[in-house]
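Asks: Chains as they are written, first to last, in the numbering used here: chain A, 132 to 333; chain B, 11 to 293.
Read the hints as simulated data drawn from the structure, not as lab findings.
Careful, some of the hints might be misleading.
Unchecked claim - Some chain B residues near chain A, calculated using beta-carbon distances under 7 Å:
{"#": "1", "residue": "A109"}
{"#": "2", "residue": "D110"}
{"#": "3", "residue": "W116"}
{"#": "4", "residue": "G150"}
{"#": "5", "residue": "P193"}
{"#": "6", "residue": "P205"}
{"#": "7", "residue": "L210"}
{"#": "8", "residue": "A279"}
Glycine is no exception: its CB is placed at the ideal position from the N, C-alpha and C atoms.
Chain residues, written in single-letter form:
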Amino acid sequence: MSITVTPRAPWSGVVPAGHTITITDLDGNQAVDTLFYGANDHTIRYSAQTTIAAQGSIFLGTGSVIRDQESRPMMTIVSDEVGRHDTIGGACSQESNTLRYGHHTKHQHACVENFLIEGSRHGLGKRDLVGNVNFYMYVPVDADGTLGIVDGLSAPGRTIVLRAEIDTLVLISNCPQINNPCNGFDPSAVSLALSETAELIA
Amino acid sequence: MFDTITATTSGARDHARAQAAAAAADVAMPIVPASAFQTPPDGIDAERLTWAETVPGGRYTVKALARGTRLRLTDVDGTACAHVLLWRTDAPWERLNVADTVKVPWQAYLGAGHPLLSDQGRVLATIVADTSGMHDALCGTTTLASNTERYGAGEVHSLSPAGRELLLLAAAKHGLGPSDVAPSVSLFHGVRVDPDDGTLVSVGSAGAGRSVDLVLHLPCIVAIADTAHPLDPAPRYTTGPLEVLAWRADADLQELIDDDTTDPEYRRAVANSEDAFTASTLA
Chain A
132 MSITVTPRAP
142 WSGVVPAGHT
152 ITITDLDGNQ
162 AVDTLFYGAN
172 DHTIRYSAQT
182 TIAAQGSIFL
192 GTGSVIRDQE
202 SRPMMTIVSD
212 EVGRHDTIGG
222 ACSQESNTLR
232 YGHHTKHQHA
242 CVENFLIEGS
252 RHGLGKRDLV
262 GNVNFYMYVP
272 VDADGTLGIV
282 DGLSAPGRTI
292 VLRAEIDTLV
302 LISNCPQINN
312 PCNGFDPSAV
322 SLALSETAEL
332 IA
Chain B
11 MFDTITATTS
21 GARDHARAQA
31 AAAAADVAMP
41 IVPASAFQTP
51 PDGIDAERLT
61 WAETVPGGRY
71 TVKALARGTR
81 LRLTDVDGTA
91 CAHVLLWRTD
101 APWERLNVAD
111 TVKVPWQAYL
121 GAGHPLLSDQ
131 GRVLATIVAD
141 TSGMHDALCG
151 TTTLASNTER
161 YGAGEVHSLS
171 PAGRELLLLA
181 AAKHGLGPSD
191 VAPSVSLFHG
201 VRVDPDDGTL
211 VSVGSAGAGR
221 SVDLVLHLPC
231 IVAIADTAHP
241 LDPAPRYTTG
251 PLEVLAWRAD
261 ADLQELIDDD
271 TTDPEYRRAV
281 ANSEDAFTAS
291 TLA
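Extracted from the complex, chain B is given alone in its bound form:
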């Protein structure tokens, strides 16, 4: 019966340890440490990277990020769709509030300068750069039921995982439950509202290589599910990879704090975030 190399503990250990070296070079995976990432953004020293990961289509990732982090999401092939949730790390009952995120800035469509607001009148993150312009804050992500109806399956282990199933896992890994998986925003798949009757039209992707940068005002757990948008018209599930990079960017945050030319609602959201941070850190 001991006739394979994994029939013994030492053989199984040797077999397991050989796998990392044998991995294909192009597999979607995290680079740890992030500073080992080979192609950092222009002007960013790799040593500053705190997160470098490629998420395959149909998968998710989650990480707690510091205040002052700049997060860049890139739609590698033009077929990614990043469904994003944010919870405040030091107070996870404070989270992204999508209604306030569109109502307070008087703007339904996400783009550069748009704040991602919490339910406590604070800005958790600001979109500081956007080469896509194709996003959605209205439809949320997909569900087990909707993907089962649409593609025949929606389970995490299926070939068409539903966004909510993925976000439930991301939340669970930070001690959070289904009640914490609240409405989300979707990047890289646009939806537009007919101004006459309120009906929705999918306007899809802006193409390969487009990216969105966020700067965090408060420490946040960031959960990202890369899966097809609920209104994706493609007949089959074809979601592609999403690149996730993050780096320390305190100067970028300071620039947002100091900019007194932005809208009054945004100024007060920034002030409220600074107020909470200062009070809780005695900075």
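Excised from the complex, chain A in its bound form:
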């Protein structure tokens, strides 16, 4: 099955072990903030830090193994047409937007709002949110440690395919940020294709 996640919207669904989810960046440069939880045990959740430490690189791409807080594999990126997906920048929030852009952005919709409302459908709360993956978002780190969200490397129609190693609840915020180039300043839709029997909850 395939569905479209509209601009600024959340989505969640379960990808059973052995199945895949394909994310397509329909219009290019759309950040897809993503968290992963054990579908049958939500105490299993994505860890950017164990993932980074295990692969010795800050970027995600083909071959990257998405790991949980105990550094156990959850998903594997089996195909990727972009490279350098981010997992150090985390999600935008109303609160961090006040720091980054000013207090006038407090009431702009943000990824953490999406994670909280969509996560609540699964019994997930604020304590369960951790640093996430940002597919199609590019955050380089300069030699002096300066980092930032810069123009994306993606293009319309580019895809990334993840294979679940365990039954995995995937929680997505199709990023609504309009103050930095993560979405080309214009949030757009992405499509998701789940292999075979993958269950759509949203």
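Go by the hints and put chain B onto chain A.
Replies: Frame of chain A, contents of chain B only:
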């Protein structure tokens, strides 16, 4: 059968009470009260100390600290690695957010002037001094699985305890659970990113006696696990002691609040912390 001194309650009590006096002088331990610590930092009256403890390698400590506390962590032998978590004491669902801590200041590497930000757009603590410069906010701490693979064991009671196992205990002692043990920052073991391809290189320790000072903007539970960094290249587990000192330093906090020369993102984080503190205390 009553042939040892601990065979009776009175004998066991006498035996137990004799142990404190018999302890070795150099054992890593807390000094209580902290004001009894013999070598306070220059210019700091021992009476102001609120925490004085040496944490052995492979162990952890945790304490709730007041706003306006200055916390100094020292890598005694040059082989410590302090994995640090902060939760707001009066609202522990607000905690250190490592992603915002690097993203908001546009800086991946921790050092003097770097804020430790919460998930609510507030600064929990600011790094105000740093004689090490070797830190990491990217890799987090070690896990039972990674230490078992690396050293053959990762349990708390093993000779190579994993950082997450230690932080789970620290959290539990303040009523917090595994979900609260979120991404952490690591002090005294540096990691650098290759700007060309994003790969990581361990740059290790800056040596013995280096220290990092934090000033707390809001009351926080501070958890510290002293255990090897995930990218520590040493073939064996050799983590050494960490000295922890804290003292009341309201003037240091006020200096941060009053400094209008810092970055705009930091200024707003300080303002947000003051806003929350003022609103919740009617100060």
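Asks: Against each hint, give a clear statement of whether it holds in the structure.
Replies: Hint check results:
1. A109: Constraint on A109 (chain B) satisfied, holds at 2 Å.
2. D110: Nearest chain A Cβ about 5 Å off; hint holds.
3. W116: holds, 5 Å
4. G150: holds, 3 Å
5. P193: holds, 5 Å
6. P205: Given a least distance of 5 Å, the restraint on P205 (chain B) holds.
7. L210: It holds, given that the least Cβ distance between L210 (chain B) and chain A is near 5 Å, below 7 Å.
8. A279: holds, 5 Å
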